[in-house]
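Chains V and W, in that order, are what the protein sequence lines are. The first sequence begins at 1 in my numbering and counts up one residue at a time. The second sequence begins at 208 in my numbering and counts up one residue at a time.
Just so you know, these hints were derived from the structure itself, not from any lab. These numbers come from a predicted model, not from an experiment. Every residue gets a Cβ at the ideal spot worked out from N, C-alpha and C, and that includes glycine. Hints are supplied without guarantee of correctness; some may be wrong.
[As the list claims (entries may be wrong)] Chain V side only, calculated, beta carbon under 8 Å to chain W, not exhaustive:
#1 Met12
#2 Lys15
#3 Ile19
#4 Leu29
#5 Ile33
#6 Glu34
#7 Phe42
#8 Ala58
#9 Ser62
#10 Phe126
#11 Leu169
[What the hints assert, rightly or not] In silico DSS-like cross-links for lysine-lysine, where the CA-CA straight-line distance does not exceed 30 Å:
#12 W:Lys455 / V:Lys45
#13 V:Lys73 / W:Lys517
#14 W:Lys420 / V:Lys72
#15 V:Lys73 / W:Lys588
#16 W:Lys517 / V:Lys71
#17 V:Lys161 / W:Lys455
#18 W:Lys420 / V:Lys161
#19 V:Lys45 / W:Lys625
#20 V:Lys137 / W:Lys513
#21 V:Lys72 / W:Lys455
#22 V:Lys71 / W:Lys420
#23 V:Lys45 / W:Lys420
#24 V:Lys72 / W:Lys616
#25 V:Lys26 / W:Lys517
#26 V:Lys95 / W:Lys455
#27 V:Lys45 / W:Lys616
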Amino acid sequence: MINVMVVEDQSMPRKLFEIMIGESQKYHLLYAIENASMAEVFCMKQPIDLILMDVCTAYGESGLDAAASIKKKWPGIKIIIVTSMPECSFIERAKQAGVDSFWYKDFNDEPILEVMDRTMAGESVFPEKTPELHLGKASSYDLTDREIEVLRELTSGASDKVIADHLHLSIHTVKHYINTMLEKTGFASRTELAVTAREIGLVIRNI
Amino acid sequence: MTLFCDLNAVSCSLLKILMLGAACLQVTGIIAGYLWIRRPRHVIPLILLFLMDFPLLVIMDNLAIADLRVQNFILRLPSLYLFLFIFLSWALTLVVIFHFRNMYHHEITPVSIKEGLDTLPLGICFYMENGIPLLVNSKMNDLADCISLHGLQNAKQFLQELEVLSPGPHPLLVQVSSGRTYSFDTKEILVNKKPVHELLAIDVTEYQELTRKLEAENAELDHLNQRLQSYNMNAIQAQKEEEVLAAKIRIHDELGNAIVTSRIHIRHRVKDMDWDELNAVWKRCIALFHNERIIETPEHGFAELKEAGKSVGIEVFFLGDLDAERSQPVERIIINAGRECLTNAVRHAGASKLFITLQKEKEEMHVTISNDGRPPAAPIKEGGGLSGLRQRIESHGGRMTVTSMPQFKLQLWLPERKKEQ
Numbered sequence: 001m002i003n004v005m006v007v008e009d010q011s012m013p014r015k016l017f018e019i020m021i022g023e024s025q026k027y028h029l030l031y032a033i034e035n036a037s038m039a040e041v042f043c044m045k046q047p048i049d050l051i052l053m054d055v056c057t058a059y060g061e062s063g064l065d066a067a068a069s070i071k072k073k074w075p076g077i078k079i080i081i082v083t084s085m086p087e088c089s090f091i092e093r094a095k096q097a098g099v100d101s102f103w104y105k106d107f108n109d110e111p112i113l114e115v116m117d118r119t120m121a122g123e124s125v126f127p128e129k130t131p132e133l134h135l136g137k138a139s140s141y142d143l144t145d146r147e148i149e150v151l152r153e154l155t156s157g158a159s160d161k162v163i164a165d166h167l168h169l170s171i172h173t174v175k176h177y178i179n180t181m182l183e184k185t186g187f188a189s190r191t192e193l194a195v196t197a198r199e200i201g202l203v204i205r206n207i
Numbered sequence: 208m209t210l211f212c213d214l215n216a217v218s219c220s221l222l223k224i225l226m227l228g229a230a231c232l233q234v235t236g237i238i239a240g241y242l243w244i245r246r247p248r249h250v251i252p253l254i255l256l257f258l259m260d261f262p263l264l265v266i267m268d269n270l271a272i273a274d275l276r277v278q279n280f281i282l283r284l285p286s287l288y289l290f291l292f293i294f295l296s297w298a299l300t301l302v303v304i305f306h307f308r309n310m311y312h313h314e315i316t317p318v319s320i321k322e323g324l325d326t327l328p329l330g331i332c333f334y335m336e337n338g339i340p341l342l343v344n345s346k347m348n349d350l351a352d353c354i355s356l357h358g359l360q361n362a363k364q365f366l367q368e369l370e371v372l373s374p375g376p377h378p379l380l381v382q383v384s385s386g387r388t389y390s391f392d393t394k395e396i397l398v399n400k401k402p403v404h405e406l407l408a409i410d411v412t413e414y415q416e417l418t419r420k421l422e423a424e425n426a427e428l429d430h431l432n433q434r435l436q437s438y439n440m441n442a443i444q445a446q447k448e449e450e451v452l453a454a455k456i457r458i459h460d461e462l463g464n465a466i467v468t469s470r471i472h473i474r475h476r477v478k479d480m481d482w483d484e485l486n487a488v489w490k491r492c493i494a495l496f497h498n499e500r501i502i503e504t505p506e507h508g509f510a511e512l513k514e515a516g517k518s519v520g521i522e523v524f525f526l527g528d529l530d531a532e533r534s535q536p537v538e539r540i541i542i543n544a545g546r547e548c549l550t551n552a553v554r555h556a557g558a559s560k561l562f563i564t565l566q567k568e569k570e571e572m573h574v575t576i577s578n579d580g581r582p583p584a585a586p587i588k589e590g591g592g593l594s595g596l597r598q599r600i601e602s603h604g605g606r607m608t609v610t611s612m613p614q615f616k617l618q619l620w621l622p623e624r625k626k627e628q
């Protein structure tokens, strides 16, 4: 029996996982928690084999950070990052953290159980790319990496100067990126741009 | 004292008379000077006084030369008396000179009045009905020269020029080339029952500057006020929307939960189907639609910490003001601290119990964490976990202390709201 821990703060997907794992003959649900920063403690003494780790968990704790930390201490534990947010940096960060697989809750045809099976078999299952979202009249694929970085900072409501300092760019560059994005998306204001970007989950700060 | 008797009798007596005359002149001079300072206008009597000396001198000389009796009398006058007389007159001169000086300094004369006016920082001008100035202090003179080509030749004319330069008729405000602004004001007073006009010039530059600043700040306050009002209205709206959203999320979760559970139960014909559980789930949903209160599972975060403790064999106790309100960020930090202490208690202390005490102190939450395990062998060096925790606490505006004697104890104080840096 493969011992699984689910780290998920939204009750519905958590319930889904619980039920699915409960039904399966292969997997046994050991723990279901909401706060990713607590996951480490459970790994200390409990025989956990697999973790389904959400990214945005309770109290704003990051599942990616927790996954990286667990992988360092217990590389034998398999981790599948599970998220509903199409935030474009997650896949890259997950790879850097050393997780085994990555699964989108909403944008995937493949059911989670299959991903779990493949992962336990030793495979690394990652989506090819982040899902395509629509931002105004533009597609999320139309935006460059730098633009998305600026957009992510923009969602904090900070001024151009603060964004420039944060990203080590000049204030002109920042303004240029924002204007380009406004042109591409056709949005009237940067507020609209920032709010929509956050709403659709294209960019998420502090996670 | 036989100094003079080497000369012949006539010249001797002449000499004595001359010296007498000189002394008299001196005394006259002193008296005249004194009178002149007192009443500078009365020059003529002083001149007469001086002139009187000369005929006197001439008469005496003639007498001396002509009349033997007078000659003899004067010859017999001991030189001592003469010298004494001259000495005394000099002494008197010196005394009177010093007296004059003191008088000059201690008496109020028209000069001292002018001097006094000149030391004042404001400009003063007293003038007659027709504008001719009576008394002008140096400050006013300087100002007038700065402002007008004619200076202060006629006060009325000067006033007219001021009216042209000033933005308003009252008060008259004029800015001079040095950048200072002066306020001019006139007043009519009576001097010896005659009307005299007084013109004052006061430096109001700082006052103007402060007034301007005050107006600017008031305008900004108004602006902020408006923004605050619109923010207020928006805030109420936003709060309403937040509440609606929260309700939507709950309904979504509960209904979704109910549907999924039901589907699984029905489709897969779960063995030992728990109808009671399914029933309960649907009851919750219906209650939610009826907007009835649902008892929420409290303190998920703390419950999870307890469960984590259980998983590593440590019983976690929460003590103190657990009912006190705490914000999300504060609770998050407390849970982080609990986790750190839990892992440390497992690794280093071999503890079986962890105590987390909450105390609400005024504006801060005071948290104390200790365990029942071995005390630390050496003073604690803050490793990655503790220093990360400290950083988080301090950026929230709180503080943390770690004691290793006699037992390990972690204490932190957290303000309710994150303090802006």
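| task | Any hints from earlier that this structure breaks? Give me their numbers in increasing order, please. | result | 4, 9, 10, 11, 12, 14, 17, 19, 20, 21, 22, 23 and 26
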